[in-house]
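Using the hints, put the two standalone chains together into the complex.
Protein sequence lines, in the order shown, are assigned to chains V and P. Position 22, counted from 1, in the first sequence is what the numbering used here calls 22; the numbers after and before it change by one each time, with no gaps. Position 17, counted from 1, in the second sequence is what the numbering used here calls 17; the numbers after and before it change by one each time, with no gaps.
It is possible that some hints are incorrect.
Calculated cross-link-like contacts (lysine to aspartate or glutamate; reagent style EDC-like; alpha-carbon spacing at most 16 Å) [unchecked claim]:
no., chain 1, residue 1, chain 2, residue 2
1, P, Lys8, V, Glu24
2, P, Lys8, V, Glu21
3, V, Lys47, V, Asp18
4, V, Lys47, P, Glu73
5, P, Lys8, P, Glu69
Honestly, the hints are just simulated from the structure, not real lab data. Source: prediction; values computed, not measured.
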Amino acid sequence: MKNRLRILRAERNWSQADLAERLEVSRQSVNAIETGKYDPSLPLAFKLARLFNSPIETIFTDEE
Amino acid sequence: MICIPTTKARRRYTRRLAPTMAIYLVFLFIAQWTFHHHPPTGFVVYLLAVLPALPLIGSLAIVGLYITEESDEFERSVLVQSMLWGFGGALAVSTIWGFLEDFAKASHLPTFYVYVFFWILMAISQPFIRMRYR
Numbered sequence: 001m002k003n004r005l006r007i008l009r010a011e012r013n014w015s016q017a018d019l020a021e022r023l024e025v026s027r028q029s030v031n032a033i034e035t036g037k038y039d040p041s042l043p044l045a046f047k048l049a050r051l052f053n054s055p056i057e058t059i060f061t062d063e064e
Numbered sequence: 001m002i003c004i005p006t007t008k009a010r011r012r013y014t015r016r017l018a019p020t021m022a023i024y025l026v027f028l029f030i031a032q033w034t035f036h037h038h039p040p041t042g043f044v045v046y047l048l049a050v051l052p053a054l055p056l057i058g059s060l061a062i063v064g065l066y067i068t069e070e071s072d073e074f075e076r077s078v079l080v081q082s083m084l085w086g087f088g089g090a091l092a093v094s095t096i097w098g099f100l101e102d103f104a105k106a107s108h109l110p111t112f113y114v115y116v117f118f119w120i121l122m123a124i125s126q127p128f129i130r131m132r133y134r
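Looking at chain P on its own, in the form it has when it is part of the complex (with noise of 0.2 Å):
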């Protein structure tokens, strides 16, 4: 079995990560709900829409901080080899699904799925990063 190591910089990580997820379905939820009850106009429309990406963007942040924070090399090591296949993963699924999109008629996926498909991707790779050290 492949154990990922608790140490203190993930232990700050994931205390940093969990309120930002809850503050992003709040948003989400805050957007859903304004669009569908009382649809905004002008300028807030923008505000509005963006709302959700903003604590995304906080995740991407709080990994940057992991990265900085990580006093353990090889761990560190790990997790940028993981956001390596996580950026190069969603790049590559993203433009596939670009020209099936064009040439397939393939069904459009929102751009933001790009952030989703980086998330599963550098989760998947991570146990086969670390095997390769075992």
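Here chain V stands alone, though its shape is the one from the complex (with noise of 0.2 Å):
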């Protein structure tokens, strides 16, 4: 699944380690969702729409 997480986090000027610590979990978790490698549980995509303030579907898409 794509994201704009890495946008979203430059804008805000956060590395992945910033990120990780504000959703609780691991730097690897959050480079792992990052890169499309990894699609996180609905609450975790909830938790990530809240810090980013953005509705899930305009950080995630289901394309390939």
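As structure tokens, this is what we get:
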């Protein structure tokens, strides 16, 4: 699943570690989600949406 | 380099596993020493023989606890995948060895080695699983 996490993170000048800390997950988790290799669960996707103050569908797209 | 992150649940897991392994060594020593110096009889034979296995079973329960306590779903997923490699690999190795014993006169391997294979294969698989997500 593709996502705009890298862009959203860059807009806020956050490193992967910063985002990981805010999400209370490991940096590897953030990297795996950001590269589209790991699809987060709905609760984690909602957490991301709340953090970036954006709807889930503007962060994630279901195209491969 | 593949780095395994430290989460709160992982620290708890290590804190539980280390004393459990220490208890295993103590129980193993007690069983070996007693069987060598004062061979027991009757029901005590079974009790003492099973004694070292108890902390090892406990270690599996500790892994189960870690899975339920780990709040990082990606880390949980990596561990569950590595456990599947451990279980599958241990079953595969012991099945192959069983046939080697039957047909190729391979030396007998005690059944508890399945536990050892499980941990070895689980540990080996983790870096490869993590590499897939980089």
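Comparing the hints with the structure gives:
Distance hint between lysine 8 of chain P and glutamate 24 of chain V is fulfilled; the C-alpha atoms sit about 10 Å from each other, no more than 16 Å. The hinted pair formed by lysine 8 of chain P and glutamate 21 of chain V meets the criterion: a straight-line CA distance of about 13 Å does not exceed 16 Å. Taken as a hint, the lysine 47 of chain V and aspartate 18 of chain V pair is honoured in the structure, with Cα atoms around 15 Å apart against an allowance of 16 Å. Only pairs whose Cα atoms come within 16 Å are accepted, and lysine 47 of chain V paired with glutamate 73 of chain P is accepted, the gap being roughly 13 Å.
For the suggested pair lysine 8 of chain P and glutamate 69 of chain P, the alpha carbons sit about 9 Å apart, so the restraint of at most 16 Å is met.
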